[in-house]
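One line per chain: the protein sequences are S and Z, in this order. Heads up, our numbering is the position in the first sequence plus 614, with the first residue counted as 1. Heads up, our numbering is the position in the second sequence plus 1404, with the first residue counted as 1.
Worth double-checking, as some hints may not be accurate.
[To be verified] Capping the alpha-carbon separation at 30 Å, the derived lysine-lysine pairs in DSBU-like fashion look like this:
(1) Z:K1550 to Z:K1434
(2) S:K752 to Z:K1550
(3) S:K680 to S:K628
(4) S:K628 to Z:K1550
(5) S:K771 to S:K752
(6) S:K771 to S:K808
(7) S:K680 to Z:K1612
(8) Z:K1434 to Z:K1612
(9) S:K679 to S:K752
(10) Z:K1570 to S:K826
(11) S:K679 to Z:K1612
(12) Z:K1434 to S:K680
(13) S:K752 to S:K808
(14) S:K679 to Z:K1434
(15) Z:K1570 to Z:K1550
(16) S:K771 to S:K628
(17) Z:K1570 to S:K628
(18) S:K771 to S:K680
[Said to hold, decoys possible] Covered stretches of chain S (chain Z as the covering partner; in silico rule of three or more C-beta atoms under 8 Å from a C-beta of chain Z):
(19) 653-662
(20) 678-688
[As the list claims (entries may be wrong)] These stretches of chain Z come out as covered by chain S in the derived footprint (C-beta under 8 Å, 3 or more residues):
(21) 1410-1424
(22) 1446-1459
(23) 1626-1640
Don't read these hints as lab results, they were simulated from the structure. No residue lacks a Cβ here, since even glycine has one placed at the ideal position from N, Cα and C.
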Amino acid sequence: MNQPLIELSDIWMKFQNREVLTGVNLQVNPGEIVTLIGPNGAGKTTLVRIALGLQAPSSGQRTVKKGLRIGYMPQKLHINDSMPLTVNRFLRLTGCRLTAVNNALDRTGVTHVLQSPLQSLSGGELQRVLLARALLHKPHILVLDEPVQGVDITGQKALYQLITDLRNESRDQENCAVLMVSHDLHLVMASTDKVVCINQHVCCSGHPQQVKQHPAYLRLFGGESDELAIYTHHHDHHHGIDGHVLDPQKDCSKGSQ
Amino acid sequence: MSDILLYALLAGYGVAILAAPLGCFVVWRKMAYFGDTLSHSALLGVSLGLMLDVNINLAVICSSLIVALILVSFQEKQRIASDTLLGILAHSSLSIGLVAVSFADNIRVDMMSYLFGDLLATGPSDLYWIYGGGGVVLATLAWLWKPLLSMSVHAELAQVEGIPVKRLRLVLTLLMALVIAVAMKIVGVLLITSLMIIPAATAQRLAKTPEQMVLFSALLGLLGVSGGLIASWYLDTPAGPSVVVSSFLLFLMTQLIKKR
């Protein structure tokens, strides 16, 4: 039961004489949210690709629980603008029925884009559609590579909140695990169980609060991001994904004005 | 109507219908240059076929596949940029084909007809190849349609979802080699890719779903072939290039339509 969903041990990766990963171990257990952080070029994406089985490591072991279903949300869908495709059709390619598609879009809060061409979506909408697609596979683990890229700050917070909510919604007995990549610890602090800070190797790992104090983390990020002023203000209303102001109750489905 | 024109029309229509779905995949997966390389390498197949005295269509399919495999293995090593590699292989294989044929002095073939096609010289046996091979291609595409679409939207997403992307890519390459082999006589190795991508690119502007795009590009292909053959018949222009020119004119016309 407590077998890890994905276990990577002693992963080495070399790209043309450049060591990208040097003996990395990583474990994702059922129901756990694991966040990989690290500077650019630290090998985060490579590690995720290895975990997904998209890339074979130069050496090391990848063990995956039998029958594991992975929901993958790529860094950014390099949407093929040459193929005319609606969101509905894109999601139906998974073989799911319309009701399941509608449910998934509802859970990620973008039911209104069902019939829109994929190319016409905004960055935030696209990320949510991708998340919906990942959910359609009823995954045991969601793998998200920089899930908030190209999304504004408010949207980023909302997306992370959504990811946590999805994890906490226990559909089966077991919660869905999450493995995600981020470059900003502060944004993911609230919604993560374990942070793994990597820079070619695992610098430190543990609970977000511990990692924040860890000398290796401070060396890597200089701690200066603490002083980085993030403009926060109290919102007395909520915005829907398409920008309209929602009713005071936290209603994410439809609040057309 | 004379037999020559009838055969030419039937052959042209067959190729247009075949080229439509594959052309769409070429456009979707941004493989235009890849298609070019495959078709250029077909000439190597022609010369090998002539020298070894085997069926030319089979020789072309084999040589295209070998070139495709070389390409894939090089691409995986990522030593050279993909487009550079394609350029190298396209023109090298074309040149090797031409050089090889010049050594075999017992063979007298008009290489021009392989380069630019000879639609008006189509006979019944060509029709068997086109419609037989075409049936195989279309049936395979229909069978693998959904996974092929998934792969074209996002290959890595498809792979994580358990779709055998590598195998599908090989299947698609094989189908392209087959189409090139049967279409070579019609439009020639230099113009085959244009017959695939021009109607598909034209249809892209008009279609709302992938299937619609395939259907439209087949219809546009039929129009292009008709126009080209009529021009060739009455104005005595070369058939293959005329088909490409008329497809191109259709493409230009749709570009004038304002996109909604």
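Satisfaction of hint between Z:K1612 and S:K679, Cα-Cα up to 30 Å: violated, 41 Å
30 Å Cα cutoff - pair S:K771, S:K808: holds, 18 Å
8 Å C-beta test of the segment 1446-1459 of chain Z against chain S, three or more residues: violated (count 0)
Assertion that chain S covers the segment 1410-1424 of chain Z - criterion: three or more residues, beta-carbon distance below 8 Å: With 0 residues close enough to chain S, the hint is violated.
Holds or violated: Z:K1570 to S:K826, with C-alpha atoms at most 30 Å apart: At roughly 42 Å apart (the allowed maximum being 30 Å), S:K826 and Z:K1570 break the hint.
30 Å limit on alpha-carbon distance, applied to hinted pair Z:K1434 and S:K680: The hint is violated at about 36 Å.
Per-stretch coverage check for the segment 1626-1640 of chain Z, three Cβ contacts closer than 8 Å to chain S: Coverage by chain S is violated here, the residue count being 0 at a Cβ distance below 8 Å.
Distance restraint between Z:K1434 and Z:K1612, which requires alpha-carbon spacing of 30 Å or less: holds, 19 Å
30 Å limit on alpha-carbon distance, applied to hinted pair S:K771 and S:K680: Violated, at roughly 34 Å.
Coverage of the segment 678-688 of chain S by chain Z (three or more Cβ within 8 Å): holds (count 3)
Distance restraint between S:K752 and Z:K1550, which requires alpha-carbon spacing of 30 Å or less: This hinted pair holds, its Cα atoms lying about 20 Å apart.
Satisfaction of hint between Z:K1550 and S:K628, Cα-Cα up to 30 Å: violated, 35 Å
In summary, the structure is inconsistent with hints 4, 7, 10, 11, 12, 14, 16, 18, 19, 21, 22 and 23 from the numbered list given earlier, while agreeing with the others.
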